[in-house]
Amino acid sequence: MAFVSQSQRAPNESYTFASRPRPVENRSKYREPPSEQTHSNYGNIMYDRRVVRGNTYAQLIIPTTAQPDPVEAQRQQESRRRAIARKRAREQFIPSTPEALQGRKHIDVQTELYLEELSDVIVATDVDCQTDAFLDKPATPLFIPAKSGKDVETQIEEGELFDFDREVQPVLEVLVGKTIEQSLEEVMEEEELACLRAQQRAFEELRNNELAEVLRLQEQERRHSEEKGRRIAQQKEVLKKEKETAEKIAARAYTQQYLADLLPAVFTSLRRHGYFYDPVEKDIENNFFPWLMAEVNNSLEKRYTARELLDTIIRDVTQKRLKMFKELETQ
Amino acid sequence: MAGYLIDPSRAPVAFGRRAVPQLFEELQQPEADRRLRALASLCDLMHDPERIYQTVNGGFLEQLKVLFEDEDSSVRTKTCELLHLMTAHSIGRQALLSSSLLPPLSQLVDDNSSSCRRNVHRVLNRLTLLPAGADALLALVPKLMLKLRGEEDEEEEVQVLLLSTLSSCSRLDALPALASDGVSLLGHKLSHRSPNIRREAAAVMMALSVCEDGKLQVCEESLLPVLVDLLRDEDIEVQANAAGVIMYTVIITTGKRQCLDLDVIPILLELVSKKEEEEKERKSRKALVMYSLRALTALAEAPDGRRLLLEQLPLLLRRSEAAEEDHDIRRDAQTAVRVINWTP
Chain E
4 MAFVSQSQRA
14 PNESYTFASR
24 PRPVENRSKY
34 REPPSEQTHS
44 NYGNIMYDRR
54 VVRGNTYAQL
64 IIPTTAQPDP
74 VEAQRQQESR
84 RRAIARKRAR
94 EQFIPSTPEA
104 LQGRKHIDVQ
114 TELYLEELSD
124 VIVATDVDCQ
134 TDAFLDKPAT
144 PLFIPAKSGK
154 DVETQIEEGE
164 LFDFDREVQP
174 VLEVLVGKTI
184 EQSLEEVMEE
194 EELACLRAQQ
204 RAFEELRNNE
214 LAEVLRLQEQ
224 ERRHSEEKGR
234 RIAQQKEVLK
244 KEKETAEKIA
254 ARAYTQQYLA
264 DLLPAVFTSL
274 RRHGYFYDPV
284 EKDIENNFFP
294 WLMAEVNNSL
304 EKRYTARELL
314 DTIIRDVTQK
324 RLKMFKELET
334 Q
Chain D
2 MAGYLIDPSR
12 APVAFGRRAV
22 PQLFEELQQP
32 EADRRLRALA
42 SLCDLMHDPE
52 RIYQTVNGGF
62 LEQLKVLFED
72 EDSSVRTKTC
82 ELLHLMTAHS
92 IGRQALLSSS
102 LLPPLSQLVD
112 DNSSSCRRNV
122 HRVLNRLTLL
132 PAGADALLAL
142 VPKLMLKLRG
152 EEDEEEEVQV
162 LLLSTLSSCS
172 RLDALPALAS
182 DGVSLLGHKL
192 SHRSPNIRRE
202 AAAVMMALSV
212 CEDGKLQVCE
222 ESLLPVLVDL
232 LRDEDIEVQA
242 NAAGVIMYTV
252 IITTGKRQCL
262 DLDVIPILLE
272 LVSKKEEEEK
282 ERKSRKALVM
292 YSLRALTALA
302 EAPDGRRLLL
312 EQLPLLLRRS
322 EAAEEDHDIR
332 RDAQTAVRVI
342 NWTP
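If you're matching them up, the sequences are chains E and D in order. Note that this note's numbering has the first sequence beginning at 4, numbered continuously upward. Note that this note's numbering has the second sequence beginning at 2, numbered continuously upward.
These are computed hints drawn from the structure, not numbers from a lab. Here a beta-carbon is modelled for each residue, glycine too, at the ideal position from N, C-alpha and C. Incorrect hints may have been included.
Said to hold, decoys possible - Chain E residues, not near chain D, derived (Cβ > 10 Å throughout):
1) Gly57
2) Tyr60
3) Glu75
4) Asp111
5) Thr157
6) Asp166
7) Glu208
8) Arg226
9) Val241
10) Thr258
11) Asn289
12) Lys323
Stated by the list, open to error - Among chain D residues calculated to face chain E with C-beta under 10 Å, some are:
13) Pro31
14) Arg35
15) Arg172
16) Gly188
17) Met291
18) Ala299
Stated by the list, open to error - Not close to chain D: a few residues of chain E, all C-beta gaps over 12 Å, as computed:
19) Arg89
20) Leu209
21) Glu222
22) Asp286
Full structure from sequences and hints, please.
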């Protein structure tokens, strides 16, 4: 709470107290005062229950009839009984007006010195008023006050309140400025792009150049190596052919040499084997001689046979002679 | 607070850091009108690299995926334009690659609206500034070739963009384009009336003829006469690119033979020996001179070529002198002279 009250006690003067007006704090009745400053937490007095609503000159009306309605009285009695029961349950018994005896009831009565009439009818009086009809009246004379003071006049000339050229400056600045800014940006962008493209083009040219050179050299290499390959193959062919030819020559020489004395050897061998023969001789040999031999054999056979026969005869003769001699001897 | 908009075609832009997020929130509104305005404002903002960083790091790119399938074609067109502006910077290109936006973007290539298609091609073209981007687009090359073939009445700008994209992709890897029969298609384009298309077609052809297969196809399709004509074209770039193709093609023997038959050596010599006066002209002719020198070097390996060039040796010697400021051209000329003077 902002305690802005000042209370001074001047030594010889009376006690003064002054404080700035502050709104009542909106807090509950039984709560501790809040520690922090809540004076900003004003309550809206429109919604504050402590503020009286409605007319203030006719509240707390006591009903006209002093005798309450019996039904009302019953209801009130019942509610009272319930309240009492509740109170008893919670607190000590608070003494109050004892209940009315049977057949009697409590009633309120005014006991002041001066009696008041109690009613809920508010004293009201009707008052009205009405203007009188207009009376004819002469025109009021024009009131022209006496002239006093100095005469001063002023006039707004053209162009004083609003100077177009001055006012239009900021607007124009913004318009033109923004347009130029935008166009400058665009131009810069274009320039940047053009630079980029130019650089790229230069690079591309160089690259193409070098690429062409590379490809040409590559192609050259390829052709050279192809040519080399072809020449080497050709050379190999030639060598192979040469070798073949040499071999052929060697083979031919050897063969010639080998076969040089083949012919006489062959003839000799054939002659040896008897393939070359004189037909008469052969014929004689083949035909005549066997016959001759055979005849000779035959004749010899005959001779032998004859000899054998002779031998046999001789033997027989001898045998006989022997026998005869023997017989002779024995005789 | 509704007030009027100062510029009815743009949505109001919040201040400072809130600009981009607020505009992206605006993009989720159901009315196509508001989305279009928000996209227009975003396009204005995206010229600033800081904003692009903010967009990429804030992960707003995924929201654009929904917009690709929008019914309104102007919304789609504007979205592609926005992407086109974002891919002007490397971080935008990298973000586009790492996000999953490429497949829907490739779908949009077949869109109905021609302005949308044009913007898609612009995006793809910018994407190829990054090698990884060109790599990612290699898968799209067959489709792009189909587009090129099918749309004969396609606007010139779209054709130029397509060809430029194809040339960047083919520099990385020429095989997909070759497989889709690129050489014959480009042969037609080489005789187009517009110099831009001729230039880009020649550039693609140059990229394709780096590969052995490409060189053979160029010879087979008998494109060399066309290319020799292009050497006499007015536009320097066209001449340079045509010289580049010839430079690659004469590396193989068939190419040498065909070029010598076409009597290309005098033309190349003329290109090399032309005197340039100003610095700017010299810079722009540098590529042409270099390629012509390389082509002559390759042609000098053939005996007929060498014979012709031995007669013209002084011309080349002049270029190889120390008087020539450009170091690369001098080196090329020296190589050419060396090859010409080589004896087995």
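Verification of the hints:
{"no.": "1", "hint": "Gly57", "in the structure": "holds, 44 Å"}
{"no.": "2", "hint": "Tyr60", "in the structure": "holds, 51 Å"}
{"no.": "3", "hint": "Glu75", "in the structure": "holds, 62 Å"}
{"no.": "4", "hint": "Asp111", "in the structure": "holds, 67 Å"}
{"no.": "5", "hint": "Thr157", "in the structure": "holds, 36 Å"}
{"no.": "6", "hint": "Asp166", "in the structure": "holds, 23 Å"}
{"no.": "7", "hint": "Glu208", "in the structure": "violated, 4 Å"}
{"no.": "8", "hint": "Arg226", "in the structure": "violated, 8 Å"}
{"no.": "9", "hint": "Val241", "in the structure": "holds, 20 Å"}
{"no.": "10", "hint": "Thr258", "in the structure": "holds, 45 Å"}
{"no.": "11", "hint": "Asn289", "in the structure": "holds, 84 Å"}
{"no.": "12", "hint": "Lys323", "in the structure": "holds, 129 Å"}
{"no.": "13", "hint": "Pro31", "in the structure": "violated, 29 Å"}
{"no.": "14", "hint": "Arg35", "in the structure": "violated, 21 Å"}
{"no.": "15", "hint": "Arg172", "in the structure": "holds, 8 Å"}
{"no.": "16", "hint": "Gly188", "in the structure": "violated, 20 Å"}
{"no.": "17", "hint": "Met291", "in the structure": "holds, 5 Å"}
{"no.": "18", "hint": "Ala299", "in the structure": "holds, 5 Å"}
{"no.": "19", "hint": "Arg89", "in the structure": "holds, 62 Å"}
{"no.": "20", "hint": "Leu209", "in the structure": "violated, 7 Å"}
{"no.": "21", "hint": "Glu222", "in the structure": "violated, 5 Å"}
{"no.": "22", "hint": "Asp286", "in the structure": "holds, 84 Å"}
In the structure shown, a violation is registered for the earlier hints numbered 7, 8, 13, 14, 16, 20 and 21, in ascending order.
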